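S.K.: Sequence:
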Amino acid sequence: MKISVYKDRYPTSFVVPRTSAHTIDRRLFIPFDKINSNLDGIALLAPLHNADIVHAFNRLPVGERKYVISFESHLPRRFGFQRDNAFTDWMSREIASHRCRRIIALSHYARRQFLDQAKDQDALADLEAKLFVRHPNLLMGPPTDPLAEGLQAGRLDDLTITFVGAHFARKGGCVAALLAKKAHEQKLPLRIQVISSLKYGASVWTDPTSPTFIKPYLDMLKLPNVTVRDGLPNRAVRKALGQSHFGFLPTFSDTFGYSVIEAMAEHTPSIATAVQAIPEVVMDGVNGILLPLPTDAIGNWLQPPTETRGEPEYARAFGEEAERLADAALAAILPFLGAPDRLLQMRRYARLTAERMFAPDVSTAFYDPFYERVAAEDVRTKPVRHALDVSSPTVKDIDLV
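Those letters in the sequence shown? Residues 1 to 401, per the UniProt record's numbering, in order.
Any given hint might turn out to be false.
Label-pair restraints from in silico Cβ distances [stated by the list, open to error]: (1) Pro-189 with Glu-355: 28 to 34 Å; (2) Arg-18 with Glu-128: 27 to 33 Å; (3) Pro-305 with Asp-8: 35 to 41 Å; (4) Arg-229 with Glu-311: 29 to 35 Å; (5) Glu-313 with Glu-355: 42 to 48 Å; (6) Asn-50 with Ser-97: 19 to 25 Å; (7) Asp-8 with Ile-298: 24 to 30 Å; (8) Val-390 with Asn-50: 26 to 32 Å; (9) Gly-80 with Ala-123: 37 to 43 Å; (10) Leu-337 with Val-390: 49 to 55 Å; (11) Gln-152 with Val-401: 16 to 22 Å; (12) Asp-120 with Pro-393: 48 to 54 Å; (13) Arg-342 with Asp-8: 36 to 42 Å.
Just so you know, these hints were derived from the structure itself, not from any lab.
These numbers were taken from a predicted model, which means no experiment stands behind them.
Even for Gly, the Cβ is constructed at its ideal location relative to N, Cα and C.
Model the full assembly from the supplied sequences, consistent with the hints where possible.
M.R.: Structure (structure tokens):
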């Protein structure tokens with residue numbers, strides 16, 4: 001069997017199996033958002049691929065006879081359209097059509113978001129009938145924890161905490177900067193590593209737009225206990241996470257939090273906000289640390305109730321939340337200073353989580369027979385979940401401890 005998928009730089013690799021008994025045909029495609037930014041919900045695969053199934057991710061595959069689609073938050077993607085129109089109506093009909101055989105949410109959070117987005121559609125029952133959850137997969141790091149030998153010997157001097165995120169403010173970079181400042185003032189043995197291109201501002205949907213807001217936080221990155229790195233390839237990022245004691249993702253908005261599971265694959269627990277899909281992965285005090293953040297019923301951060309992000313009140317509220325998160329993070333970290341045994345146990349649980357939930361063989365075991373089932377379906381029939389189309393468990397479901 002041949003399964004055609006999008007040949008992109010990074011995202012699709014998390015969604016489709018990395019090894020398969022079938023042929024995974026990674027094909028070039030036209031990303032229409034490069035023509036018009038409002039059209040990021042569709043794509044056109046290179047022709048003549050003759051696949052048994054297309055497995056799309058986020059973008060609807062225009063003109064395909066039979067496909068399944070995975071998505072990370074919203075489906076269809078219509079971020080550039082405030083109101084319904086002929087194009088958004090077509091996307092909704094396409095997802096509800098018999099050509100779309102399954103809708104695969106990347107997380108239980110994404111499933112909730114999808115059902116909320118589709119709640120007023122006449123086809124809601126049909127959409128829900130073919131909807132389920134499959135978590136992403138990623139390569140595991142080395143089988144041996146690089147910090148285990150030192151921790152077993154009782155060595156724990158400076159605690160290294162690594163923040164990863166191109167969108168600096170959205171991902172929690174302001175919190176990382178404040179944490180560094182507080183640790184420096186208290187002469188605590190904490191080192192903060194920031195891996196980021198430091199993007200921020202109006203183009204990022206969570207950020208205050210005041211041009212002066214970010215400067216104090218960028219100034220904090222000059223402290224002696226901070227290292228800033230930019231432009232690292234993913235392999236180097238993964239290595240840096242493995243050599244850190246904690247990953248750090250106090251994010252305000254992050255559909256899954258890939259750096260959290262990448263850190264786990266490298267034996268490293270993360271300190272992260274309890275937002276969107278992250279509570280599906282992190283069990284507070286066991287395989288990582290969760291920082292509380294006010295969210296709605298779906299799991300999205302409750303942003304300050306201002307008309308625009310340019311208002312001083314928005315910047316003030318964002319800054320206060322960052323300050324609160326930094327205080328919470330510091331309080332959570334203090335018990336690990338001088339406690340190598342405690343950290344070692346958490347690192348073991350972090351790696352075990354990655355192996356049970358996100359290892360490539362977990363993905364392959366599900367998707368190989370799944371593709372066969374879907375390929376055998378008549379496209380004229382109504383698509384519904386098969387009894388074997390089971391959703392991925394959350395960390396609370398896998399009997400970790």
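S.K.: So, against the hints stated earlier in the document, which numbers end up violated here?
M.R.: Violated: hints 9, 10 and 12.
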